[in-house]
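Student: Protein chains in written order, with my numbering: chain A, 1 to 642; chain B, 1001 to 1335; chain C, 2001 to 2179.
Any given hint could turn out to be false.
[Unchecked claim] Facing chain C, a subset of chain B residues (Cβ under 8 Å, in silico):
#	residue
1	P1184
2	N1188
3	G1311
Derived from the structure by calculation, the hints contain no laboratory data. Glycine residues also receive a C-beta, built at the ideal position from the N, C-alpha and C atoms.
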Amino acid sequence: MSSTEARVPAGLLNPAERELMERTWRPRRGLWGWLIATDHKSIATRYIITAFVFFLLGGIEAFMIRLQLARPENHLLDPDQYNQIFTMHGTTMMFLFGVPIQLAVALYLVPLMVGTRNVAFPRLNALGYWTYVIGGLFLYVSFFLNTGPDAGWFAYVPLAGPQFSAGKRVDVWAQMVTFTEIAALTAAVEIIVTVLKQRAPGMSLNRIPIYVWAVLVTSFLVLFAMPSVALASTAMLAMDRLVGTHFFNPAEGGDPLLWQHLFWFFGHPEVYIMFIPATGYVSDIIPVFARRKMVGHTALVLSLVATGFVSFGLWVHHMFTTGLPQLGQSFFTGASLMIAIPSGVQIFCWIATLWAGRPRFDTPLLFVIGFIVLFVCGGITGVMIASVPFDQQAHDTYFIVAHLHYVQMGAFVFPLFAAFYYWFPKLTGRLLSERMGKWNFWLFFIGVNVTFFPQHFLGLMGMTRRVYTYLPETGWGPLNLLSTIGAVMIAVSVVLFIANVVRSLAAGLPAGADPWGAHTLEWDTASPPPPYNFAHIPVVDGLYPLWERSPDAAVVTGMAAGKRQVLVTSVMDAEPESIYEHPGPSIWPLIVALTIGVTFIFGIFTPWAFLVGPALMFAPLVLWFWPRRKEPRERGFAEEPA
Amino acid sequence: MRLPRALLALTAAAALAACGHRDLSALDPAGPQAGRIAALTWYLVIVGSAVFVVTTGFLLYALWRGGRRVENYSGEAAERHIHRWIYGAVGVTTLILLVTLIYDFTTGRALASFAEPDALTIRVTGHQWWWQVQYIDPVPSNRFETANEIHVPVGRRVRIEVQAADVIHSFWVPNLHGKVDLIPGYTNTTYFRADRAGVYHGRCAEFCGYQHARMDFLVIADPPAQFAAWYRNQLRSAPAPADSVQQAGQQVFLSTRCAMCHTVRGTEAGSRVGPDLTHLASRTTLAAGTLPNIRGSLGGWVLDPQSIKPGAYMPPNPLEPDELHALLSYLESLK
Amino acid sequence: MKRTFAPPYLRPAAVLALAALAAGCDLEQRSFQETPPGATAFPAVQTTDIQAGPKSADPSVGVYQENRWAVSQGQTWYEQFNCAGCHAPGGGGGMGVPLNDAEWIYGSDPENVFATIVEGRPNGMPSFRGKISNTQLWQLVAYVRSISGLTPRDTWSPRNDHMQEGRPNRAARPEPQLP
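The whole structure should be built from the sequences, with the hints applied where relevant.
Tutor: This is how it looks when you write it as structure tokens:
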């Protein structure tokens, strides 16, 4: 009979059981072990690294854009190369870096923060990662074969249609979207189930850390937003291009605006898919560095949920110049202004917490402060362009470019860097250098402002987006040069960050379990965490488990050390319900991902791929789910032997 | 938004003083539509800057104040105190947003109510990468077509009907009004009025392929009498060649590639693929606002357009020197 | 380069990578400024009513035939230069001969089609000598040949953004000719 008992310092498992547990969860070695891994930390770590590599690639593309625009009539890139590069930049940052890295960090942290041993569906997790890698590789291999997409990251038809984008370039884009959709949807499902059903006993809904709330809301956004773009790109655009359907051909009853609706119905929530987890980092980091509990926890959680809902009512503000009826546009102006209120609530709570606490200015907090400043700026320009008349001037100009980079760089990358600095010790057991961290922050912060602030002016001076060059008479030269200088600063700061990581991996100070005096459960275990995360699943008795732990805090005992068991708890109150045995490592997720890759990549060339592909997928799927001798099964909690 | 008015004005002035030919500023309105939006913009900029300064001020104060604390400010009373501040801040935010919303709506309605049935109607069709301009009149003989340059009379409302021939473009003259998209299968309408005479630059604002960057046009606001004269001239067919050189040039035009795509009214050239060249010499720019309309750039454009606008649909025209000179003389006679 | 294209999935993995590299680069290349061989490169084109002209061995001709963008550009010229006026949109034929079948009176090689457009042919096909640039001509040739499936499958255009009139493209495949 499992029970919660008083914590015994020596640990409740005896050494032999401990050894058994190590053996049960230990990842296999070598290349094979790497290919079959299903541990959430192993998958999430490579997910994070892969996404970061794409961040660097997207950054190099951004840098090339800035070099091309540094002076008028520059001939560094021709329009064909420029169109491919800016499309790759947007696509990479949104689809291969933005969404994946947020889900990747969540896949690492969520099981630790809710106190469980692995994500809910470990093999699905591996499948998601492999699918994502195949999609990303496919895009970049195509790019280096001069088949990079060139119709912009939102691929408006008819420019992206069969007549005006000949060849396979846009097909590559459309299928890459499909791969990242699959990966994001699998991650969302895992996160939702992990959060709802695998929380440590005692972590009732009102005790879930804000970051976990944030990724829960994000996962639901993924679930409802992604199918829209999957339908639009994978089904409709790909079919228009491959078999000549007429979804977007106005002459035959199709409609180019349909694409914009479907794309932005996904595209706007996507911004929040990147932004909401970022606010989650901030809300969990601020209490640690302000050394005070968060002001207004409930308000923060409600703000996240409200943001999630309202984010589905904003998409038309990308389409204010398309001539939609005025009344309809007014609704979206209202919604776009309304979403500023929950964001405001969050900002006020953060400021209040810093005011009422005793902040210590370590690098993570610096990035958080930088985030607040940039986010306020980006938020205010967001309120400006929510206005239909003003947007009709600002739309598709560098004002929008400035706004979106303030919210992307400011409100997404800055918190992400804060999170890197904050959780790096947990991932690696080593601290990052504070001195280099501060250089990194200041260069980055100043660089972002120098790069993007002048672009507000450029927009108001008439510089439109996505131009590969401009004439000297326009007078845009000096501000563009300034912007390029800022980009150099950002590049230097990112190089510094990489140097910091490399140096710290080799010679960083050992971090210990909890270097920051933090409050969430992931700091309750070793750094880096053992494969089973916690020797004993902790029992939570407060919103700040490590700060509010009573001296006689309980842990869960009685789970078999020789099996991959996780505790299933109830949705509302996290009462223990049952023990579920997780499947072990498996090669089949990789094989299935490869068959998905074959299906979608050859689906560009022939529709037969969609008949052959699922047939190829059938065998690996059967083998994936083939019942083993020791079948994982759900057992009543009470039946578990003590 | 740290956007002090003086700074913006200074920057714009410095930039304009340096190169000063193209005024594409959204904050330098030349008519009531852009004027309303500019007023709204200044409101947004000023309120936004104020909010930014206040919020950042609070943040910095919080960091300074918190940094000096020895003891956390916490407890029941403290939380209540803090919550009161937060409620207050949310209240102020909501109020600002409401006022903004109302101002947005009233401006939007004012812009929409500018429509007028008997405005001068011009149909603008976007092509990759130039603008086809048709003046619509109830009397068919008062209609004509030109390209990349729109003349309007000062003080009269203009109705622009926009269409797209291939992909989505966007019609934007910052000094006169906001954008309106040209979408295949749709006809969108926008109204504006120029209140002072001048040359206003316009651009394509929606990414439309290789030469999106070089798809500009001009809106030239003329005093009514001057506009009427211009209009009468545009209605005419092209003048006949005045001398033997122009005669030879016309022959070059009609017998080589030019006539495959371009129209010169009054000659056999009647293809509607490229811009109408009937009154080419009366225009200020070439290649959709890319080059000044002078003999040198016209020659360069005819010989090798792909160096100037790579990807454009106009092919290179390797002409013999005497053919080229004749052709240029002819084109320059198309006043 | 000519005729080396085959669907890469039919080849072993190593060849696949190389083929993809070569094919990818060529298929998608956009060349705005090039001077292809023109009508002057074929001074000896002499045609009677029934004979195909001589072939050129110029290798750069094939590049246009296997380039997706060239075919698409050719489709644009086909519409803009009013080829469709006689041969119908999609090449189904009307006043002019159909282009989407396997029957080629004056030869189906790129050089033959080029010559047909440049020189004109008896019974109605006008000569476009001097009217269309060489680049455009080769693109037009590529499109005309793609209509009847003579260019690689991946260069065929599935549809354009207009009304679909007549038979859709690729309605007819090249059939073995009856003796």
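Student: State for each hint whether it applies.
Tutor: Taking the hints in turn, this is what the structure says about them:
no.	hint	result
1	P1184	holds, 7 Å
2	N1188	violated, 18 Å
3	G1311	holds, 5 Å
The structure shown violates just one earlier hint, number 2.
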